[in-house]
Every structure is written in C-alpha cells, then in structure tokens.
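Listed below, chain by chain, are the residues.
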Amino acid sequence: MLLLHKVIHSRVVVFFFRSKKKKLQQKSNPIFLLAFLVLPALLCAQLDTVLFVPTVEVMTYKIRSASVGMSYTDWDKEGIDKNKYLSVGDLLQRESNVYVKSYGGNSLATMSVRGSSGSQTLVLWNGLPVQSAMLGLLDLSLLPLNFSDKVSLQLGGNSSSWGSGAIGGVLSLENEADFNQKIGLNYHSSFGSFGNLNQQLKLKFGTKHFQSDTRLIYQKAKNDIIYRPDPSLPRARQNHAAFEQAALLQSFYVQANKNNKIGLHFWLQQSNKELPATLTQRRSEAGQEDKFRRFLLTYDLIKGKKKLSVKSGYFVEKQKYEDPQIGLIANNDFSTILGEISLALPLNKNHALEFTNTNSFTAAKSKSYVETQTLFRTAFIGVYKFEKNNLSIQGSLREEVVNGKFLWPTAFLGSELKLSQSMLLKAKITRDFRLPTLNDLFWSPGGNPDLLPEQGWSEEIGFVFNKKIKKHEFSWSQTGYNRNINNWILWAPSTNSFYWSASNIAKVWSWGTESRLDYQYETKKGKLHYVLCANYTSSTYGINLDLPKIEKGDQLLYTPKYQINSSIEYQLGPLAFKYQHLFFGKTTGANDEIPSYHIGNVQMGYKFIQNKTSGTVFIALNNIYNQNYIVIERRPMPGINYQIGMNINFNK
Amino acid sequence: MKKQLLFIVAVGFSFLTAQTTATFENFSLGTDTFLNGSDLQGGFSSGNVFLNNIYDTDFNSWFGFSISSKTDVTSPGYLNEFSSISGDGYASSNTYAVAYMSYLTGNTTMSLENNASGKAIEGMYVNNSTYAYLSMRDGDGIAKKFGGISGNDPDFFLLTIKKFLNGVESPDQIDFYLADFRFSNNTQDYIIDEWTYIDLSSLGNADSLSFSLSSPDVGQFGMNTPAYFCLDNFTTKDELATGIRGDLASLDLTFLPNPVIDVIQIRNPENRRGLVSINNSLGQVIYTNALEETNQKLDVASLATGVYFISIILTNGEIAFEQFLKR
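So the protein sequences, as listed, match chains A and B.
The numbers in this note's numbering rise by one with no breaks, and the one at position 428 of the first sequence is 428.
The numbers in this note's numbering rise by one with no breaks, and the one at position 135 of the second sequence is 1135.
Okay, chain A solo, but in the shape it has when bound (with noise of 0.2 Å):
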C-alpha cells in the first residue's frame, strides 16, 4: 500500500461510483423536485416539518446510521494503513476540513466543526460514545488511528440519532471482522524528529466462524522541538514535553452463522505526557497521566431483512494531573457501564423503521466534587427511513431521560433528491442538544447542579455534482449550513457568589459554507488525485458581557473564518508522491490574536509485493517551509521535522 494520503470518500465520492454501477433513473420526478426546491423555505419558518433527500442506496440495515441528507467524510482501511502512525488528531487536521486545536505535538488536541465548540462534536467507539463525562472532550491525540478499521466523520449535528455532543459533528471509530482472513500480520515501525519512535503490531487470525484481532501500539517523543519565539529571537528547543503511550486491543468476533455474530473488544491504553511551559513561562514542570480500559460486547441477529444489535459496553478513565511546582496532584476518575438495543425492520422496499433504546450510568469522582458525582441517562429513539427512486428521507425522534428529567425531544430530518447522474442536491434540519458535563454542574467552586443542556436548530443544504469524461473523474460539493444554539455554557462570574460559575448565558450564531472539488486522471501506469477544500466559518456570540469579555458578534476563540486543505498527488507504479498545502485564518485567543498561516507537508513512498508479503516504506515531511506558527496562544509548533518507517503485511 502506498503512502499516500489520499484523503477517503466522501459522499462525492461515493456518490460517484455508486452512480456507475446502478442503474438510477435518468428523469427526476417534477414532483419531488418541486418539493426539494420549495420545502425547505418553508421549513426553515416551520422547524418541526421536514426537508427531502434521494435515493442512492438500496435500502439496508443501516437506518440510524444513513446519515440521509449529511456531509461526512471517511477513511477506510486503505486510508488507515496510509496514515497509521498518526493520531486521529493529525489526520482530522491533516485530511479534513474540520479544525483541530492542537497545543502541540501528542498534546491535547480538540475539534472544532462549523464553528462549534470542542465539547461539542461527539465521539463515537463502535456507536457508543467514548468522551469524558467530567469534561465532556475527547483528546484526538491519544487516539491511535490504527485501532480503527474506519473511521466516520459527519459534518454537522445529529442528536437524534446519536445523543449529547452531536452539534458540530460526530466521529465514528469503528473495529470489524474479516472473516475470510486466515492469518494477517502488519508490522509498522517509524522514527522521526524529536525523538519520535512509533511501533505498531496487527495480528489478525481465524476461520469463517471465528476471529482474533489483536493490535499493539507503543510509542514515544522527547518533542523537543525548535522553534523561533520571536522574530527578533534566536530558535529555542522545547523541553519538559516527552511522550509515552501503550496500548493494546484485543478484538474476538464469532459468527456462527451470516444471521449471528458476535464482538468482543477489549481496549487497555496508557499515556504519559510532560506538559511543556508556555512561550510566557520559564519552565514547567507538570505531567498527565491518562489511562482507561473499554469493554465491548456487541451482538447482531438477522433475520429476514429485520436486524437485532445488542451493545454493552464498560468504560474505566483515570486521569492524574501533577504540577510538582505548585504542590497540586489532581485524580479525576469516572466509570460508564453502557446499553443498547436497536431493532431495525425495514418494511418493504421503500420504508424502514428503526428502534433504539440506549441507557447509560456514569459514576465520576474527584477532589474538586463534594461526592461522587452519578449520572443516569436513557433515551428512546425512532428513526424513520424512505428511498424510492431518486429520492430519500430519514427522519428521526429521540426521547431522553436524564436523572430522572426528561429533556425536549430532539428531532432530524434529512433529505437527498439525485437531480441526473451528475447532480445530488441534499438539504437537512436538526434540533440539537448537549448535556452538561459533571464539571460543568459539580465542580466546586463554580459548578451549577441547574444547567441546561445547550440546544438550538441547525439547517443545512448542498449539492454534490460529479462528471466523468473518458480518463478524467471530476466532482464538486457544497454545502451552506445555519445553526443557532441557545443555553451556551459558559464560566462567568455569578452574581450571587464572588466565584465564576457555570451558567446558560451566551448563544452562539453559527454560518458557513464548505466546498470540496476533486479531480482525479488515472492512466494504466499512473494516478493523479487533486483535492481543494475551503470553508468559511462564522460563529458568533449573540450577547454582550463583561467578564469574559465578549461582544455581540465577537467570533468564536480558536475558530477561524477561513480554512483551506488542498493536496495533490501521484502514483507510478510502486512510488507516490503527495503534496499538501493547508492555510487557516486568523484565529483570536482569551489573551492576543493568532495569526494566520501556512504549512506544506510532503509524503513520498514505495510500495513492494513478494508473495503472499506486501510492505511500504515511506517518508514524510512536515512543515517543509519551516513556519513558525501556533495554533493555541503562547504555544509553539514545530518547525520542519520528518517521519520516515515503514509497514510490512502478511496475509494468507
């Protein structure tokens, strides 16, 4: 497999090829036309009716997770093995157009979607939710992107679907069997600048009926990096910021017949961080320490064209914060036992139903909460399915419970309408909701036990245009979106105590546009793939304040209006090469603006195949102009640094 970062599937992409292989109607029918042209006007004025979409799959078991009428990206396995010694963070940040707010090399790293906050894009292990109770985040960083068969992401919110947190986006880590394989082993090694040493182990062995998946990863940086504080400074070394992390994944599927199957994944992983001081500070000495182990039993039962899927899951999370300087140690540990059942009954071939209830406890302690802190939620959710012809709806209600309150019902509705061969026009509406984390209602002093989750509407039409001509493959999407949530958390000085506090206060505007054109030639000796991605991002405050200070209309921190991604690369034969160019706009901090900047990464590979034995070798550079840039105030990148390693696989 080369190295090539070529940035997976999207729905163009997919659209396209699915556009080849089936034969789709050639008329649109006036009628929905007309209703995919009109409705949404009107629905924007009427929020709890509907928007429509198309029909570009046959229907199947997929209901919940059709994502009618959404921008998503993913990366397969191809796409996986390309990258696999990055974090899920570096690829999110290098192959999509979502913005990741990094504090630095294997530093925290966070995602902002269209706008929203870091808490506010959900993140998905095998459909249940995997982020931090207590802070309501997901550090990208520690995620390591070879633990995944695929990874999902979806542009935009869907809480209906998928539960607290899925207003920007949701992110789906997802691990599946192979049951033709009969043994596999992928050996990755690579070392880099700053000490960075990554070595991976994939060892897969079975039969039809049986499965073992076990992945180990080990890997570590000094992350001494250089940099230029300051234009008028010489380059200084970074220290205080090494790296280790261990983990091990331990997958079973059994699968007696095509009708059962059964999985069994166990997920144990330690990482220890050196927190660096920041360019205003002399030296630090504070330290993380992060471990958690994941339990995972799923079982799925078919019969006919109706499906059964059970899902258990028990998640463990320590995390210990040290700063020796300041005396502080602080423990924050939670523990999730997880449930689901999901019965989907497609009724014929133009309806389907799907059912899900979804329940949860979570107990979190620390010393900055009274008690242990528990959290019990459950939630019934219907999704309703429709395809015919060129067209295809989803709809979607959710219903949750939460220590006993019930919540507003959350609400989706997507539509996709294929216009001709070339042409998807897609267009959505969504009511979403994000619960507050334990911190936000317990943490002493400040917490607030009467939040509100933070709520609001988020409206979203595109299109996707796709056109092939002899050797020449060519595709453009864009997508608007409009989104208002109200109830905006926010820590701000209470005005009956002398102590921040949580509060409901601010609501967030958010607008923008995405596009992506992809362009792609491909002859009997070589490939050429071209991929331009530019967003612009408005996300606004919609009050005044004086502490934080904010003014109506203030931007979003940490969230730039403009972002651009384009890559372009190649393949001959065993080599490729790819270049990458990304830019994003200035960005505004709690304390000094950030500026905008560039960087340009570049990969070159080769690939060789002996027998039943394939490998890669591979180097990549990073930051080849040398930049110096920040992406979080006060907090160097690194200059130009390099990867190189390589991948070995056999399969039988």
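Calculated from the structure, these hints are not laboratory results.
What you are looking at is a predicted structure, and each value in this text was computed from that prediction instead of being measured.
Don't take each hint at face value.
What the hints assert, rightly or not - Derived CB-CB ranges, DEER-like:
no., chain 1, residue 1, chain 2, residue 2, range
1, A, Lys552, B, Glu1169, 28 to 34 Å
2, A, Ile543, B, Asp1032, 41 to 47 Å
3, A, Tyr314, B, Tyr1177, 56 to 62 Å
What the hints assert, rightly or not - If you want the ones that stay clear, here's a sample from chain A, every Cβ over 12 Å from chain B, calculated:
no., residue
4, Asn175
5, Phe194
6, Gln319
7, Pro409
8, Leu452
9, Gly480
10, Leu517
11, Ile640
12, Asn641
Quick reminder that beta carbons are idealized off the backbone N, C-alpha and C, glycines included.
Fit chain B to the supplied structure of chain A, relying on the hints for placement.
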C-alpha cells in the same frame, strides 16, 4: 482673637493623639499559618484599622484581606497564596496581611477605626506575594512572565490606593509599582521582593481606603497576573491632617448671613466635599454634617444667642473656619 485661639486649641486637642501602627502581631499566629476569614467575622482588626474579608462557606474561599505568617518563598501557584516573597513581615516580623482583589469589584478595602477614623494616615509597607512574584518572574499556565517572550514587553504591576471620607471617594490616589518592566533598559526592570514603604500622608484625612491592582496582562477573562499583594505596619496619624487655610473664602466657600437668626447658607460653587461643623465658644462640637451640596443650608434657629465657629474640613484635609454671631 482669644476666642479664636481657644477654638483652634480645642479643635487640635480634640483630634490629637499618638500614632498607631497595625503590625498584625496581635493575632499571635504561630509560624507558617494564616487566618483567611473562615471565622466569618468579616475581617481583622489591628491597631486602628479593620481589614475587610469576605469568606464563602460554600467554597471555603475568600477575598479581601487575610492574616498570614507563611514563609514559603519558593513554591509558585495559587496553593501558596498566603506567603510574602520575603517569607516574613516587615522588619522580619512574624505576621503580615495578604490582600486578594475580588474580580467583581476589582479592589479590596480597609476601614480606619477608633481614633484614626476620618483622620490622616502616615504610610505602610508593602511587598509582593510569592504567588504573584513568581508568576511575574517565571510565568505560569495562565499569566505571562513579565517582559513577555522577547523580554521587552512594557509590563507592570500597579497598586493603586484611593481614600474615602464620609463615604465620598477622593479623586486623589497614590500609585505604587510592585513591578515595573517599562524601562527601555531592561536591566532596570524590577519586581519588588522586600518590604517597601509607601507614604500615604498626601491622601489627607480618610475613613477608609481601597486598594486595586492592574497589569497589562489582560485577556478575555480579566487580569491574568495573580491579584495579590502583602501589607504590614500600617501607621495612622490619629489626628487630622494639617492644612488650616483661614476663612472659608480660602476654600472657595462663603457663608451668610452673619449675624444669623435661623439659617446659615453655605455656598459651595466648586462642589467640594468634606465635613461642616459648628463649635461653641468653648470649642465644643454642637453640630456636624457632611458638606455635599453646592448650596447647603444649616438650621441654627435653636442655638442660644452668642458667638460660634463654623468649620469646614475638606476630604483632602484642608481646614477653614470663621466666627459668626447668633442672634
């Protein structure tokens, strides 16, 4: 003339006492401990001053003033919020006060008590807290090291002291730099690390003081520099500030009529603030009120016929008086 001298002497004696210094040693703290207001008394008395404290029982936290004998001069961070950077009080004393500004009001206050109330102040010693000092010197996760990345940022940590008299804030203030990095020659940059005297006598008479801190390291969440300083040996004069100017006209004030039958009218076109008093010929105060209007009337109809003195004490300590006849 004899009666005027008698009045001046009477006024002088009525205010004249010895200086008093609040050393905070009266709390008899052992070494390396503190009082943070958890007794909910609302503050601490020492000498002739009362240091205000607000304590939150929900969060076991405070702002205003605390009393400390902490000695840690090396540990950075908020867990070491009670130590002075010298590790002791003024002149190696055991106990001192620590001030922490509220983000709500931006300042903290002190009241003058007993014989110091409404009278002049001598001065006090201040020092940086260890928390603020090390944060300014080294930076921390929130606040920048002073001078910034290049060392050239014109940072400062400014203590501003304002006074109140009769509830009126004076426009006069005293500024003192606990750290100053505004020099073009960076070798002159400094952060105070020893007890340093501030002369407060120019404030004149006061019944309370407010203290506020500021620095240019301000972000969306307010000032990043830890808003702490330490204070010791606060000395009150316990007498009115000198500054007798003569008749009321010397203070741009006039009164009429003279002789008076029932009402005295004080014209105060500059809208000055202070205290107006009437003394009898024996120097006894028989009337006192705030001077707070541009055209203030005093009802003297009930006074017995005779000679009286009307005196004005402005908030800056200036005094004027005149004799009048009541018919």
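Hint check, failures only: No numbers; nothing is violated.
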